[in-house]
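Undergrad: Sequence:
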Amino acid sequence: KLKAGVHFVVYKCSDGEERCGGVGDRVLGMVKAFYFAMSTGRVLLIDSKFPVQLKNYLNPNFVRWDVAYPSTTEIIDDMNGNAPFDRREDIPGYILGRCNGIDSRSLDAILEGQIVMF
Numbered sequence: 022k023l024k025a026g027v028h029f030v031v032y033k034c035s036d037g038e039e040r041c042g043g044v045g046d047r048v049l050g051m052v053k054a055f056y057f058a059m060s061t062g063r064v065l066l067i068d069s070k071f072p073v074q075l076k077n078y079l080n081p082n083f084v085r086w087d088v089a090y091p092s093t094t095e096i097i098d099d100m101n102g103n104a105p106f107d108r109r110e111d112i113p114g115y116i117l118g119r120c121n122g123i124d125s126r127s128l129d130a131i132l133e134g135q136i137v138m139f
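Residue numbering for the sequence shown follows the numbering used here, beginning at 22 and increasing consecutively.
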């Protein structure tokens with residue numbers, strides 16, 4: 022269970038190919054979400070059930086990426102490269118919008134610090 026007061030973002034892939042893409046898109050999306058979470062001071066949680074449970078192939082070990090989190094239906098498109106960056110300190114947790122696509126933040130942009138570091 023997630024500790025009380027911890028800010029988090031969720032990479033979610035349970036809606037099918039339209040949202041998640043293929044295997045490569047999903048892996049890249051998780052990597053981008055990981056660096057995004059680090060740059061915003063949040064914990065990354067992964068809720069990946071499509072097309073099968075991710076933990077069937079990747080067992081949580083030292084990092085519990087699959088812990089239960091407070092129910093949230095809030096989806097924020099923070100990976101959209103056209104949107105201004107906001108750390109959203111007033112929101113304890115939310116689901117990241119689509120992590121890949123033409124308008125998404127590139128991994129280079131995240132790694133080069135175009136996103137404000139804390």
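Misleading hints may appear alongside valid ones.
As a list, the in silico DSS-like pairs of lysine-lysine whose alpha-carbon atoms are at most 25 Å apart [to be verified]:
{"#": "1", "residue 1": "24", "residue 2": "76"}
{"#": "2", "residue 1": "76", "residue 2": "22"}
{"#": "3", "residue 1": "24", "residue 2": "70"}
{"#": "4", "residue 1": "70", "residue 2": "22"}
What follows is a list of derived Cβ distance ranges for each label pair [as the list claims (entries may be wrong)]:
{"#": "5", "residue 1": "110", "residue 2": "45", "range": "31 to 37 Å"}
{"#": "6", "residue 1": "81", "residue 2": "56", "range": "15 to 21 Å"}
{"#": "7", "residue 1": "110", "residue 2": "73", "range": "33 to 39 Å"}
{"#": "8", "residue 1": "73", "residue 2": "111", "range": "32 to 38 Å"}
{"#": "9", "residue 1": "107", "residue 2": "127", "range": "30 to 36 Å"}
{"#": "10", "residue 1": "73", "residue 2": "118", "range": "20 to 26 Å"}
Derived from the structure by calculation, the hints contain no laboratory data.
Ideal Cβ placement from N, Cα and C applies to all residues, glycine included.
Undergrad: None of the hints should be skipped; say for each whether it holds.
TA: Status of the hints after comparison with the structure:
A hinted pair counts as satisfied when its Cα atoms are at most 25 Å apart, and residue 24 with residue 76 qualifies at roughly 21 Å. As the CA atoms of residue 76 and residue 22 are separated by approximately 16 Å, the hinted pair is consistent with the 25 Å bound. Note on residue 24 and residue 70: the hinted pairing holds, with a Cα-Cα distance of about 23 Å set against a maximum of 25 Å. Restraint check: the Cα-Cα separation between residue 70 and residue 22 comes to about 18 Å, which is no more than 25 Å; the hinted pair holds.
Checking the proposed 31 to 37 Å range against residue 110 and residue 45 shows it holds: the Cβ atoms sit about 33 Å from each other. Between residue 81 and residue 56 the Cβ separation comes to about 19 Å, which falls inside the hinted range of 15 to 21 Å. For the hinted restraint 33 to 39 Å between residue 110 and residue 73, the CB-CB distance of approximately 35 Å keeps it satisfied. Between residue 73 and residue 111 the beta carbon distance is about 36 Å. The supplied range of 32 to 38 Å therefore holds.
About 18 Å separates the C-beta atoms of residue 107 and residue 127, a value inconsistent with the hinted range of 30 to 36 Å. Between residue 73 and residue 118 the beta carbons are some 23 Å apart, a value that agrees with the proposed interval 20 to 26 Å.
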